[in-house]
Every structure is written in C-alpha cells, then in structure tokens.
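Undergrad: In order, the protein sequence lines correspond to chains W and A.
Each residue of the first sequence is one higher than the last, beginning at 1 in the working numbering.
Each residue of the second sequence is one higher than the last, beginning at 1 in the working numbering.
I should point out that these hints are in silico values taken from the structure, not numbers from a laboratory.
Quick reminder that beta carbons are idealized off the backbone N, C-alpha and C, glycines included.
There could be a bad hint or two in this list.
Chain W stretches covered by chain A per the calculated footprint, using a threshold of three residues with CB under 8 Å from any CB of chain A [to be verified]: (1) 87-94; (2) 103-109; (3) 153-162.
Here's a subset of chain A near chain W, in silico, CB distances under 10 Å, partners left out [stated by the list, open to error]: (4) Met139; (5) Val155; (6) Tyr204.
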Amino acid sequence: MTSPKLEIESVSKAFEEKVVLEDVDLQVNLHDVVCLIGSSGSGKSTLLKCINLLVPIDGGRIALDGEAITDPRVNPNQVRQRMGIVFQAFNLFPHMKVLDNVTLGPRKVHGTGQGEAEDTARRLLDQFGLLDKADEYPDRLSGGQQQRVAIVRALAYEPELMLLDEVTSALDPELIAEVLNVIRDLKTSGMTMLIATHEMGFARDVADQVCFLDAGRILEQAPPDKLFKDPQEPRTRQFLQRIVEAGRL
Amino acid sequence: MVLTSEAWPAVQRQFFSWFHFKESFPDVARGFWLDIRMFLVAEVLILAFALVLAMIRSLRGPAFFPLRAIVVTYIDLIRGVPILLLILLLGFGVPALQLTGVPTSRIFWGVAALVISYSAYTAEVYRAGIESVHESQRMSARSIGLTQVQALRFVIVPQAIRNVIPALLNGFVSLQKDVALVFVLGVREGLREADIYNARTFNYTSYVVAAVLFLLISVPVARFTDWYTERDRRRRQAMST
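Modelling step: build the complete structure from the supplied sequences, incorporating the hints.
TA: Structure representation (structure tokens):
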C-alpha cells in the first residue's frame, strides 16, 4: 500500500490562549482533492498555513511523502518549494510585473536561468489565458485575473501539492467562476490539492473528500455525496442548513 | 520696518555688503563644493549601510538574535550621542592614535562620523518602511520558498523604500546642512571659509554667502520632497478607488 501524499497527525495550534487547531488528523492521497469547509474562524486557513510551515504548530506531526516536515531539522524553505499555496487576498507582489511575480521563485530559489524561467512562466500564463497580461502590474488586473496569476505563480516551481486558502472569497461573484475553472483544470491534470472554501457547490463537484471543521477540530469527514446529503454530526447539519438558507448550495 | 530702522545701515554693512560678498565668494564657494562632495559620498554610504542595519533588525527568529542585538545596541548608542561629539571624537581622536594603516585625514573621519550617526537614524526610517509593508507580503514571499533575506531583498524592501522616500529626502536636507559640522575639525569647507573670512575682516557677509549657498541646495530638495509626497498621496488615492 502506498503511503498518503500528506499526513496530518494530531496537530494542534493556539495563538496566545485561543485554541485554533485541536488534535487535527487528516490524510490526503496522491491526486486527491480534499476540501475543508466550516465557518470563518474554524481553523481552515491556519491549518493550510501550518502545512506550509508559515505558522509553527504546537503539537503533532505533519508529513509529506512519509517524511516529517515539522521536524525542526527540516529546512522550511525546501519544504515550501514542494507545495504551492494561494491566499484569499492574492498577495501578488505589487511592485513587479506579472511575469516577474511568476519567475521570482524559480529564479531565486531554484536558480533557474532568466530565459528558462520566463519561457515556463509564459507557457503557464498562456495555459491560463493570461499571456497578454505578462507585462502588466498586478493593480491593472481584475481580482479574478490576479488570483489566476497567484495560482500560476505557485505552479511555476512545479509543486507536488497545492494548498488553496479561500481563493474566491475576495472576488466579485462574476469573477469566481474563472478561478474555479482553473482549479477544476488542475484537478483534471492530477494535482493533489487541499482546498479551504466557502463554495459548497464547488466542493461537492471537485472534492474526493470533504472535511467539516468546527472550532479547530475536524468534526466530520466523508466523500461529498455523503457529507452534503447525509451529514452525521448535528453541527454539520446546522452549518449546511444555514448555507442552504443563504442560497449558497 | 527693518529697512527703515536706524540700525539698517550698520546691518547692511556687516551682513549684506556687496563688496564683502564678492570678496568672500570664491573661497566660500570652493569650500562649499567640498561640502557637496562630502554630502554625496556620505549620503550614498548612509543609504546603503542603514539599509543593511534595518534588514538585520527585521530578521526574525532566535537564530538571528545576536545580530539583531548588535544592531539595536548600535542604533541606541549612536542615536544617544550628540553628532558633534562623534565628529570630534573620531576626527581628532583617531588620528591622534597614530595607528599605522589607519587614515589620518580629518575629512575622512568627519565623513565617517556623519555616516555612523546618520545611518542609525536612517536605519530606523527604513525599518518603519519595512514594517509598513503588509505581513501578507512577507508570508507570500516565504511561501514560494524565498529565505528571510531574499524575501526582504526582493519583496519587502522595494515596497518599503517607496513608502519612506519622503522621510529619506528629509534626511538628505538635514545631512546637507550637517556636513558643515566637520568645520570644527578645521576642514576648510564652506562654513570654515566663511569663518576665516570673518576673522580676517570682522565682516559677517561671508556667513550670509555660505547661508545662500546652503539654501540653494536645501530649498529645492525640500520643494521636491513636498511635490513627491503629494504626488505619491494622489497616486495611492487613485489606486484605492
């Protein structure tokens, strides 16, 4: 049996006194898409940042391909190059053109030559319909375009795993679809992904597994058909009920 | 009022004499040219050195604690000492040691004192700029695998500098005048030349000559700073709409 791509074992995290993650266990298999749902403040974002080692964990263990990446002897910069993370607020570098945003990682971290890095970047931008934006600055782009650039930037160093942190939450409704379509394409290409999202319809379509987080715990995990149609936990039912009432599912 | 008062002829003779203006101008201007050169050299060194200090101070994690501590101590000590004291200490003190291989030029040590002192202040200006860049930029830079230093250098600092250009320009104006402090070392810069002329003739017009020369540089820089700040403010407003 092959070991999972990503293993999270009883991870916990508190900021000051506030417990944000409590004893979280989760496995993501190669090529699988796992969606994290739950209300704001339930710990979805923090979990993704912990996996990318942007936020140190207090307890537990995170492993990538069976290797503990939370071991203090591991170089976090090397771990981060193996996974791409995309944030809610895009976080593009505003002082750099789109092309430079995409090539910065490969050039500075992987030592890829300028020419090669730009070729790869242009190919990726083309693939996501952004080639004509290569020489623009981020503030000239729509939110949807910026978020697609952010995804391309993360893909540029060929990550083995993508972490998406509510990537459509800051977008106008008419721009959400273009970003979700990009993520569907990524799934088709076999990318392993862990996605925090408020887009329940999207989670139902794209996910192999859906996890419901509540107050820093994974309360329920199931394939989307099961979790959305027949949730076991009262909290999950209550959460989904509210989503339905808000017309979001 | 001033022009019609009884004292005006005396004031004019002592401070605004056309004869003494012409007489003292060549020497004061030559000295002022040295001020400008000292200023330019010092400013370039300050901008570079202060940035290194600010970057070190912005590094996080226990591994960098010793480096951070050194920089904080440096900044605290230097900012707590009058700049004139530093100039005297280095300009007279170091050459008096007569160490082999150590420069004895008073100009050299005068400029060095300015660089040491101004770098401490300027580092704090840069640091304010670095802290003004949103945390998400640092996180985003680290997420693509950049080290702390790379994240600062390629992502944070370029944005930080843009935010503090007006404050840096203010520092320019200040330094451009403070280079005259090295006159206490006997360096024959503009103010020293004016002083020498005054000692010779008991006329103060030479100081006015020096003042005019300093103003010719500092007023345009001050206007430019205001213009730049205003343009920057309007740009940000345009961007946020």
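Undergrad: Taking the earlier hints as the rules, which of them does this structure contradict?
TA: 6
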